[in-house]
Structure formats: structure tokens, C-alpha cells
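Use the sequences and the hints to build the structure in full.
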Amino acid sequence: MEPYVTQLRTFLAEDGLSPDQRQILIDDLFVVQPDDPELRAQRGETQTSGGWVLHETARSVAHRSTIEALATRSLEDAAWPEAVEPTAREAGITEWTKAYDTAAGRVLGTVDDEELLAMSRTLPGTLAFFRQTLDEEARYPDPLTIFLMKGDTDRDAFLTNHPTMYERDRKRLVNLSGTWVNDANDVAYWTRQREYRDDGIVRLLVGYLLGDSFRIRLQPHAWVHEGFGLYLTERLTGTRLTWFVQALGADGSDALRQRMLETADWNGMALEILAREDRPRLAELVVAPPQELTSEQLLYSYVVAGYLMEAFPGEVHEILGALGANRPAEAVLERALGRTLAETDRRILQWLEETRAVERGELVVDPVNASAEENE
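Going by my numbering, the sequence shown opens with residue 5, and the numbers climb by one from there.
Source of the hints: derived by calculation from the structure; they are not laboratory data. These numbers were taken from a predicted model, which means no experiment stands behind them. Misleading hints may appear alongside valid ones.
Listed below are the simulated DSSO-like cross-link pairs for lysine-lysine, each with C-alpha atoms no more than 30 Å apart in a straight line [unchecked claim]:
{"no.": "1", "residue 1": "K175", "residue 2": "K154"}
{"no.": "2", "residue 1": "K154", "residue 2": "K102"}
{"no.": "3", "residue 1": "K175", "residue 2": "K102"}
Below you can see the structure in the form of C-alpha cells.
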């Protein structure tokens, strides 16, 4: 056995190995030397009091709580708004409950005052959170106005009386829940349920910031637009209710789509799907156009965004910038992560299993070790 191990290690030390060749050698060595610390390190693992875990898992334990704390603090630290009168343009649309002015924009609505006050702090809080996690120079357009409405009557008044709305858009938007009026930078939501209004407004704001900071658009960056949009919105609202793709299942049904709307445990669903033979894979995901993105791929987009945000906080800004510059996604990810897409698929599944075990108290990962690993 020793000559075999020596030979494998000699091959492993050679220059010019492809990532796949290197991984095959490491996996072969691991079969006979599973407790070798050097080999574990080459496999991208770190030792904690709970055993060996992926470097990504250790980093996530440290950074996930940081992201959650930043979201909470961004909302709590937002300044209280100033109550103001609607402008002539705003007053010409409908009668508003109240209007507020903030450093980030204006907020009006036909909903109750408490909701308007909350959104008046969510508006600057969303920008502050984005700046602290992705782009410190991020900014909203100026002017920017948020309109919160509570049903079809308010929607009809908004669509009919908005001064810069095109007739073709009025007809199309009747069947939607909200919109961003580009010519005026008006963001409006008119669903009856508040959680959908809150989620929809934040999702539109996050989408704008991804586009302005990184040039990420639904077309051609469907998985990035949806995955990061869902992940960041959830940190701020606790919900994932707004998607910009139809996302039918790979079998053409909407069964998984309905589960995703009704179930909070997306990671649990993801584990089920990623364990299947026909699981979504990065190689197909990163080139999927929005009209073809399946519900399985939408779910995987969310998981991948969390993996990058939590496990690669130092690289995610560069990754998004390169993707927004329309560089090939496969090359961008393989360069940033140092692995093939197929190997990253495997590690994401293991990362998801390990972080879920941490959440359930089944695995202990030392925060000190996690922080130290992040700095290596």
C-alpha cells in the first residue's frame, strides 16, 4: 500500500494537472488515508470540534450571522421619515393616506399609516444593506417614489391617472401585482396582502441595485438575477414571494412552484432535488434563459446565491462584476472558486447538508475556526 500512496503523492505534486486530474488523485488518496490533515486541506476541508467540514461550511457559520445582523441593523438604523404633502403630480393620481419623504426617496400609499412608516424605513434600509454586503457605492435613482396600494380599485386609479404611463403598459399591468415605471422611477405594488407588497417592493429595489451596480439583468443573467434577488430580499423581509420567471417544473407542472410558495423550508426542498439523478446542474443553470428556467433551477439559483454570499464574501463582488460584464459564467465561477462546475455542484450539496446539520444542532462548527479559515 505504501508504494501506491507514494506514487499517488508523486503524481499529485506534478505541475500541469487539470482540476479534474487533481481531484481524481486526491479522491484516490482519501480512500486509503481519510484522516490525513494535509489531504483534508487539499480536499478543501477544515477540522472543527464537530469533525471535518468544508471550508465553505466553516466560513458560512461565521458569515451567515454577520449578513443577518447587517440586514437587521440596516432596517433598525434607518432614520424616521418626514411627513409631507403629496406633490401635484402625486395628488393627480388618487387620494393618498399619507406621504413621507426620506433621504432615499418618497413613500405614498392608500394603505394604513403604520405600513407606510415601515416602508419609509425599509427603503433606505435596503440600500444600506446592499452597500454593506455587495457594493458600498450603490445608489438609487433620484427621484424615486414608492406607491403602496391595497387592491384593484387603487390599481386602476394608478394605471389610469399616472401621467407618464403608456397605454400598452396600462393594459399589460392590469394582470400583474406591481411595476417599476421607468420613465418616472415610480415603484408601485397593489396586491391585497401586505407581505406581497413588502416583498415585491424590496425585490424590485434589489433588482434595480443589481442592475445599476453590476449590470445584472434578467436577460441574460436569469439565475443571478433570480437567485441573488430572492436571497437578498429574504434577508430583509423574511419572504421569497416575488419571481420574474414562470418557473414551471422540469416535467412541465407547477407542483414544485406551488410548494415553493407555500413552504418556508427551501433548503429542505433543495436537498431533496439535489439528491436526484436529474438534479439541476450549474453547467445548464448558468446558460438558461429566463423563459426556460425551471422551478428546480430557480430553487438552485437561490441556493447558489446563498453559497456565494456566505462562503465567498470576498469574491462575490468580483464574480457579479464579471458576470455583469457578460464574461462566460463557467469561466468566471471556475476562476473565482478554483474548481470545475461539476465539483462545485458536489460541494454545494455537501455544504447544504452540513449547514443544515449546524442549524439543527446536529453538527458543531467552531466560530473561531470558521473565522480563522476565512482569513487564510
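Status of each hint after checking the structure:
1. A threshold of 30 Å between alpha carbons decides the hint, and for K175 with K154 the separation of about 19 Å falls inside it, so the pair holds.
2. Pair hint K154 plus K102 holds up; C-alpha atoms about 14 Å apart against a cutoff of 30 Å.
3. Distance check on the hinted pair: K175 and K102 sit about 28 Å apart at the alpha-carbon level, within 30 Å; holds.
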